[in-house]
Amino acid sequence: MNYVLLAEQFLNGIQLGLLLFLLSAGLTLVFGIMDLVNLAHGSLYMIGAFFAATFTALTGSFLIGVLLALPATLVVGIVVEIVVLRTLYARNHLDHVLATFGLILFFNELVRVVWGPAGMSIPLPAALDVSVSLLFGITYPIYRIVIILVSLAVAVGLYFLISRTRIGMLIRAGASNRTMAGALGVNIPRLFTLIFGLGAALAGLAGMMIAPVTQASIGMGEQILIFAFVVIVIGGIGSIRGALVGALLIGIIDTMGRSFLDVLLLVVISPAAAETAGPALSSMMIYILMALVLAIRPQGLFPPRGRQ
Amino acid sequence: MFKTALLAASALALLSSPALAESIKIGFVTTLTTGGSVIGEDMRRSVELALINMNLKMGDLDVEVIYGDDEFNPQKGRQVTERLVKQQDVDIVAGYIWSNVLLASANVVLDADKILISSNAGPSQLAGKGCNPNFFNVSWQNDQTPMAMGEVLNQKGVENLYVIAPNYAAGKNMVAGVERTFKGNIVGKDMTAWPDQLDWAAELSKVKAANPDGVFIFYPARHGPAFIKQYQQAGLFGQIPLYSVFTLDSISLPRFQEAKMEGVLGTIMTQFWAPDLDNEQNNRFVADYRAKYGTYPAFYGAQAYDTMFLIKSAVEQLGTKIHDVDAFRAAIAKADFPSVRGDFAFGNNQFPIQNFYSREVVADADGNWTTSIRDLVLEKNQDPYAAECAM
Numbered sequence: 001m002n003y004v005l006l007a008e009q010f011l012n013g014i015q016l017g018l019l020l021f022l023l024s025a026g027l028t029l030v031f032g033i034m035d036l037v038n039l040a041h042g043s044l045y046m047i048g049a050f051f052a053a054t055f056t057a058l059t060g061s062f063l064i065g066v067l068l069a070l071p072a073t074l075v076v077g078i079v080v081e082i083v084v085l086r087t088l089y090a091r092n093h094l095d096h097v098l099a100t101f102g103l104i105l106f107f108n109e110l111v112r113v114v115w116g117p118a119g120m121s122i123p124l125p126a127a128l129d130v131s132v133s134l135l136f137g138i139t140y141p142i143y144r145i146v147i148i149l150v151s152l153a154v155a156v157g158l159y160f161l162i163s164r165t166r167i168g169m170l171i172r173a174g175a176s177n178r179t180m181a182g183a184l185g186v187n188i189p190r191l192f193t194l195i196f197g198l199g200a201a202l203a204g205l206a207g208m209m210i211a212p213v214t215q216a217s218i219g220m221g222e223q224i225l226i227f228a229f230v231v232i233v234i235g236g237i238g239s240i241r242g243a244l245v246g247a248l249l250i251g252i253i254d255t256m257g258r259s260f261l262d263v264l265l266l267v268v269i270s271p272a273a274a275e276t277a278g279p280a281l282s283s284m285m286i287y288i289l290m291a292l293v294l295a296i297r298p299q300g301l302f303p304p305r306g307r308q
Numbered sequence: 001m002f003k004t005a006l007l008a009a010s011a012l013a014l015l016s017s018p019a020l021a022e023s024i025k026i027g028f029v030t031t032l033t034t035g036g037s038v039i040g041e042d043m044r045r046s047v048e049l050a051l052i053n054m055n056l057k058m059g060d061l062d063v064e065v066i067y068g069d070d071e072f073n074p075q076k077g078r079q080v081t082e083r084l085v086k087q088q089d090v091d092i093v094a095g096y097i098w099s100n101v102l103l104a105s106a107n108v109v110l111d112a113d114k115i116l117i118s119s120n121a122g123p124s125q126l127a128g129k130g131c132n133p134n135f136f137n138v139s140w141q142n143d144q145t146p147m148a149m150g151e152v153l154n155q156k157g158v159e160n161l162y163v164i165a166p167n168y169a170a171g172k173n174m175v176a177g178v179e180r181t182f183k184g185n186i187v188g189k190d191m192t193a194w195p196d197q198l199d200w201a202a203e204l205s206k207v208k209a210a211n212p213d214g215v216f217i218f219y220p221a222r223h224g225p226a227f228i229k230q231y232q233q234a235g236l237f238g239q240i241p242l243y244s245v246f247t248l249d250s251i252s253l254p255r256f257q258e259a260k261m262e263g264v265l266g267t268i269m270t271q272f273w274a275p276d277l278d279n280e281q282n283n284r285f286v287a288d289y290r291a292k293y294g295t296y297p298a299f300y301g302a303q304a305y306d307t308m309f310l311i312k313s314a315v316e317q318l319g320t321k322i323h324d325v326d327a328f329r330a331a332i333a334k335a336d337f338p339s340v341r342g343d344f345a346f347g348n349n350q351f352p353i354q355n356f357y358s359r360e361v362v363a364d365a366d367g368n369w370t371t372s373i374r375d376l377v378l379e380k381n382q383d384p385y386a387a388e389c390a391m
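Those sequence lines, one after another, are chains P and S.
Going by my numbering, the final residue of the first sequence carries number 308, and the count climbs one at a time with no gaps.
Going by my numbering, the final residue of the second sequence carries number 391, and the count climbs one at a time with no gaps.
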């Protein structure tokens, strides 16, 4: 019985990790290549969720909802980049933090005005709303399997985009040495707009994928953004591969901590103490991991080439 | 809002002599932004409705309500309370949804020797040793509703129970409450991060592995629908009965109805009130609320409505002498007001002594999903911490 639980929790960890990857891939590119600290990345995650909820309600199909919401979020990302962020590149990180924090407040209020305070739920087709039996007595929600498959497909697509295409080459060049890439004739402003739009669409996709599970709600992006920052610090800022490995690590460690830590603690301390220490310690574990990585390998596990 | 209130305050200070009050200023702290704002909205609407139904007058005084937004955050709640007490110099502070926000803010009001009325949060800390003559509660003590649920679980013959609740002041009280009366075994207990955790994949896998007779949860606001949705997706709906407190209410039920989750119909929970609790004040409140806003009020709104009528009853006894805190306190303690729950009385710790009912999710005559009173579970119940209160 126990190994079934272990396997299920492993799947849960992978699912959380892959979702975090969608969010942190864009964050790491924006931070690594554009040198912009974007706290409003979580707002794009939220906007994506609300767009998907609206389009799903209008069209009656979740798939069409997502397909419409993706370009819509991309456009929002590009508009934000052109209108707000472009003026900030020359400034220091503190100004980035202030301005993008302002964007968080702006987007939260905008969502409240447009969609109301209650948030929105996305109804799934009945076939996706149930659990399915896998091998060895494991049952798992179908929709979470869909999240895993979609995220994996995006990860593979990103890998090809970055390592096999001309755009990917420019992105890699930008990540390694921005000044040099600019001097060699790369149109840096256009590259930045493109990267930011791509990051926004990925964050939006993450929001769309999770909304049928947790619902679309105001402020949904802020907590998960902290996770995403931990992921990119662990993975190495600017590295997609690092984001993937970091996200999976965080997802699995956080899930395993929530599942088994209280039981493990029972071996060493009293049940009453374990009951209070368990939740506290399990929510700290990812930060402990981040501290360890920072102490041993401050550049992250997989920093982009040229930055080791 | 803030500006006009300030202007009004300074204009009043210029015009009237300070001893003679012509209006009463009520500070009302609730959640008006973030994901918790659906609750704040229900409370604000009910306060507005109460004001209309009393013609904006309490006795001879005009009523001015200044709302404070706690942003679902204890620090922000404390800051906004400080502003209400120190800058706006309100006569009385009410509201508070969240126990942790109330605990962070209570001292600000009590140290300024003003009256504080909680319209929702009922943390044990303020009911027992930390009770205070200036603190009143118009809802319930956190432990009581789950204590009633524990009795319901015993009646249903549940032996093995799995408990999942958020890890903050109220969540701990809710779990303590159900453990107080539930006679079977608690086979698993998860306290989740609050308010950040909205994904319970790990906890639901543990529930599946433990295979209990029932699952007890406490997830207010947006967390409830998200939890129940995932409970369904995990294939547990209809397999393991779900027992909840403060999770299914008039705020979340329309959302379940939109999502066509018929499974929540028939769900049993416990509560001190439901929209169909039959008494004159409640019938008027529910009818007016539905006429004005088109939905059923939730219990949060009912409590806020009671709060305003409680203050009104005190002001009517005092006339214009609302700055006499001792007289104000004594007048409130009488609780001589029409309550939406029928009879209302404060115990020694100034928390209500009241009935708790089981209530069921049903569809009303027009097909709208709502809750309806079933049986009386705890009669004239006083919270278990009252004995520790020295008052």
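I should point out that these hints are in silico values taken from the structure, not numbers from a laboratory.
Just so you know, not all the hints are guaranteed correct.
If you want the footprint, here are the derived chain S segments under chain P, 3+ residues with CB under 8 angstroms [said to hold, decoys possible]:
#, segment
1, 36-45
2, 104-116
3, 226-234
4, 257-271
5, 338-348
Quick caveat: nothing in here was measured; it's all calculated off a predicted structure.
C-beta: ideal position from N, C-alpha, C; glycine also.
Against the structure, the hints:
no. : hint    : result
1   : 36-45   : holds (count 4)
2   : 104-116 : violated (count 0)
3   : 226-234 : holds (count 6)
4   : 257-271 : holds (count 3)
5   : 338-348 : violated (count 0)
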